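Trainee: The letter at position 124 of the sequence shown is residue 123 when you use numbering that gives the first Met the number 0, and the numbering goes up by one with no holes.
Calculated directly from the structure, the hints in this document are not laboratory data.
Small disclaimer: the values here were computed from a predicted structure and weren't measured.
All C-beta atoms in this analysis are idealised placements derived from N, C-alpha and C, irrespective of residue type, glycine included.
Careful, some of the hints might be misleading.
Unchecked claim - No more than 20 Å apart at the CA atoms, straight line, and that leaves these computed lysine to any residue pairs for SDA-like: (1) Lys33 - Glu78; (2) Lys128 - Ser86; (3) Lys33 - Lys53; (4) Lys165 - Thr77; (5) Lys128 - Thr158; (6) Lys33 - Arg102; (7) Lys53 - Ala71; (8) Lys33 - Leu72; (9) Lys165 - Ile155; (10) Lys165 - Val107; (11) Lys131 - Gln95; (12) Lys165 - Leu130; (13) Lys33 - Phe11; (14) Lys131 - Ser90; (15) Lys33 - Ala71; (16) Lys165 - Asp113; (17) Lys131 - Leu159; (18) Lys128 - Ala106; (19) Lys131 - Gln163.
As the list claims (entries may be wrong) - Estimated spans, in silico, between C-beta atoms of each pair: (20) Leu72 - Gly22: 45 to 53 Å; (21) Gln109 - Glu180: 22 to 30 Å; (22) Val105 - Val27: 27 to 35 Å.
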Amino acid sequence: MIQHAALVMQSFMLDYDLAEMYGVETRVLNQAVKRNLSRFPFDFMFQLTPDEWKYMSSQIVMTYTLKRPKSALPYAFTEHGVVMLSSVLRSETAIQVNIAVTRAFVAVRQMIYDNSQLKRLSNLEEDFKELKSDLEEIFSDYNDINEDTRAQLDAINTTLAELQSKQKSTSRRPVGFIQPEE
0 MIQHAALVMQ SFMLDYDLAE MYGVETRVLN QAVKRNLSRF PFDFMFQLTP
50 DEWKYMSSQI VMTYTLKRPK SALPYAFTEH GVVMLSSVLR SETAIQVNIA
100 VTRAFVAVRQ MIYDNSQLKR LSNLEEDFKE LKSDLEEIFS DYNDINEDTR
150 AQLDAINTTL AELQSKQKST SRRPVGFIQP EE
């Protein structure tokens with residue numbers, strides 16, 4: 000029935016829904032994808048087979064012919080593909096999504112770096128609360144983008160809580176050149 004067995008358990012969105020979300024025509028979205036095919040490996044995007052499209056259409060109450068009148072089979076995008084689309088589309092929404100993803104990546108990387116520094120402080124719990132509130136403030140403007148963003152923020156908060164509970168007494172040997180103490 001479903002030929003894309005590796006992706007059965009993954010969430011995905013269809014091209015016409017993403018086009019609507021990003022504020023472009025489906026035709027424009029598909030042209031952008033075709034011009035940038037190397038950015039969309041199979042785990043980012045795939046085209047539905049006729050059987051998959053027929054099965055999906057039969058499972059959904061509303062008719063897709065209103066949104067997708069053409070006969071070509073739709074493309075399906077995984078979460079990675081949705082993010083990659085934001086870098087190849089030129090709509091204002093796509094630009095804002097791309098900026099938000101970039102800021103989230105940098106914030107997480109900085110949080111990981113800061114985490115190693117925070118372990119040395121005596122009042123670790125207070126610093127984690129401050130970092131958490133800073134992250135919430137940074138992301139507050141972007142909370143309304145979509146549910147995936149909220150899920151990612153929840154994952155970050157969960158990771159912070161786990162890191163807070165896993166205070167290890169063993170310290171790692173520092174990396175890089177270290178001057179000998181005199």
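Trainee: Each hint should be assessed against the structure and marked as holding or not.
Mentor: So, going through the hints one by one against the coordinates:
{"no.": "1", "hint": "Lys33 - Glu78", "in the structure": "holds, 18 Å"}
{"no.": "2", "hint": "Lys128 - Ser86", "in the structure": "violated, 33 Å"}
{"no.": "3", "hint": "Lys33 - Lys53", "in the structure": "violated, 24 Å"}
{"no.": "4", "hint": "Lys165 - Thr77", "in the structure": "violated, 33 Å"}
{"no.": "5", "hint": "Lys128 - Thr158", "in the structure": "holds, 13 Å"}
{"no.": "6", "hint": "Lys33 - Arg102", "in the structure": "violated, 27 Å"}
{"no.": "7", "hint": "Lys53 - Ala71", "in the structure": "holds, 12 Å"}
{"no.": "8", "hint": "Lys33 - Leu72", "in the structure": "holds, 14 Å"}
{"no.": "9", "hint": "Lys165 - Ile155", "in the structure": "holds, 15 Å"}
{"no.": "10", "hint": "Lys165 - Val107", "in the structure": "holds, 18 Å"}
{"no.": "11", "hint": "Lys131 - Gln95", "in the structure": "violated, 23 Å"}
{"no.": "12", "hint": "Lys165 - Leu130", "in the structure": "holds, 17 Å"}
{"no.": "13", "hint": "Lys33 - Phe11", "in the structure": "holds, 19 Å"}
{"no.": "14", "hint": "Lys131 - Ser90", "in the structure": "violated, 32 Å"}
{"no.": "15", "hint": "Lys33 - Ala71", "in the structure": "holds, 14 Å"}
{"no.": "16", "hint": "Lys165 - Asp113", "in the structure": "holds, 16 Å"}
{"no.": "17", "hint": "Lys131 - Leu159", "in the structure": "holds, 8 Å"}
{"no.": "18", "hint": "Lys128 - Ala106", "in the structure": "holds, 15 Å"}
{"no.": "19", "hint": "Lys131 - Gln163", "in the structure": "holds, 11 Å"}
{"no.": "20", "hint": "Leu72 - Gly22: 45 to 53 Å", "in the structure": "violated, 23 Å"}
{"no.": "21", "hint": "Gln109 - Glu180: 22 to 30 Å", "in the structure": "holds, 29 Å"}
{"no.": "22", "hint": "Val105 - Val27: 27 to 35 Å", "in the structure": "holds, 29 Å"}
Of the numbered hints given earlier, the model fails hints 2, 3, 4, 6, 11, 14, 20; all others are met.
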